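A.B. asks: Sequence:
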Amino acid sequence: MNKESGKSYTVKEATFKLMQYCAYRDRSQKEVEDKLVEMRMIPVAREEIIIKLMQENFLNEERFARSFVRGKFRIKKWGRYKIKQELKLREISSPIIKLAMTEINETEYRNTLYTLAEKKLNLLSETDIYKLKKKLSDHLLRKGYESALVFQTVDEITG
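Numbering (my numbering), first residue to last: 1 to 159.
If you're looking for bench data, these hints aren't it; they were derived computationally from the structure.
Given the structure is predicted, the values throughout are model-derived calculations rather than measurements.
Backbone N, C-alpha and C define an ideal beta-carbon position, used for all residues, glycine too.
Be aware that a few hints might be false.
What the hints assert, rightly or not - With beta-carbon atoms standing in for the labels, derived distance ranges:
{"hint": "1", "residue 1": "94", "residue 2": "67", "range": "50 to 58 Å"}
{"hint": "2", "residue 1": "118", "residue 2": "56", "range": "44 to 52 Å"}
{"hint": "3", "residue 1": "70", "residue 2": "155", "range": "24 to 32 Å"}
{"hint": "4", "residue 1": "126", "residue 2": "44", "range": "16 to 24 Å"}
What the hints assert, rightly or not - With a straight-line Cα cutoff of 27 Å, these simulated BS3-like cross-link-like pairs (lysine-lysine) come out:
{"hint": "5", "residue 1": "120", "residue 2": "84"}
{"hint": "6", "residue 1": "77", "residue 2": "52"}
{"hint": "7", "residue 1": "98", "residue 2": "88"}
{"hint": "8", "residue 1": "52", "residue 2": "82"}
{"hint": "9", "residue 1": "7", "residue 2": "82"}
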């Protein structure tokens with residue numbers, strides 16, 4: 001039975017609904033499982049539906065992870081560390097995370113970090129160089145960039 005409408009689904013109806021759900025955008029297996037739990041499907045039916053979605057390529061963890069990495073890096077400008085943490089929260093396996101991280105071009109990654117640092121530096125009105133470096137570093141670390149790269153970049157742009 002569905003919470004909001006009181007409707008119960010057959011395996012066929014639920015499969016079709018989940019195919020639409022996965023076709024809208026790439027989903028992780030955990031998102032699909034959560035959706036099936038929300039639809040109050042029994043474990044045997046959930047497993048059957050997930051297998052069907054995988055066989056018909058509606059559900060593909062590697063494709064989801066690669067798409068997630070590209071999106072979070074290019075659109076939200078997240079660093080590798082934050083992206084990896086988010087993928088782990090979505091229960092993506094380490095080998096798939098490692099594969100997906102290859103979507104990030106090293107040159108583009110460093111240029112993005114540098115651009116983010118310069119942009120933030122222009123917004124800060126701190127006069128003390130140490131406080132300035134700390135604020136800038138903290139901002140970049142929160143975005144998920146590796147500390148060694150952050151400190152190197154901060155040193156470069158603050159002179």
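A.B. asks: Would you mind marking each hint as holding or not holding in the structure?
C.D. replies: How the hints compare with the structure:
Residue 94 and residue 67 have their C-beta atoms about 18 Å apart, which leaves the hinted 50 to 58 Å range violated. Taken as a hint, the range 44 to 52 Å holds for the pair residue 118 and residue 56, whose Cβ atoms sit roughly 46 Å apart. A beta carbon spacing of about 29 Å between residue 70 and residue 155 agrees with the range 24 to 32 Å that was offered as a hint. Hint check: residue 126 to residue 44, Cβ distance near 60 Å, so the stated range 16 to 24 Å is violated.
Distance restraint check for residue 120 and residue 84: the Cα-Cα separation of roughly 24 Å lies within the 27 Å cut-off, and the hinted pair is therefore satisfied. The hinted pair formed by residue 77 and residue 52 fails the criterion: a straight-line CA distance of about 35 Å is larger than 27 Å. At most 27 Å may separate the alpha-carbon atoms for a hinted pair to count; residue 98 and residue 88 meet this at roughly 11 Å. Of the supplied pair hints, the one linking residue 52 and residue 82 is violated, its CA atoms being roughly 32 Å apart against a limit of 27 Å.
Among the hinted pairs, residue 7 with residue 82 is inconsistent with the structure: their alpha-carbon atoms are about 39 Å apart, more than 27 Å.
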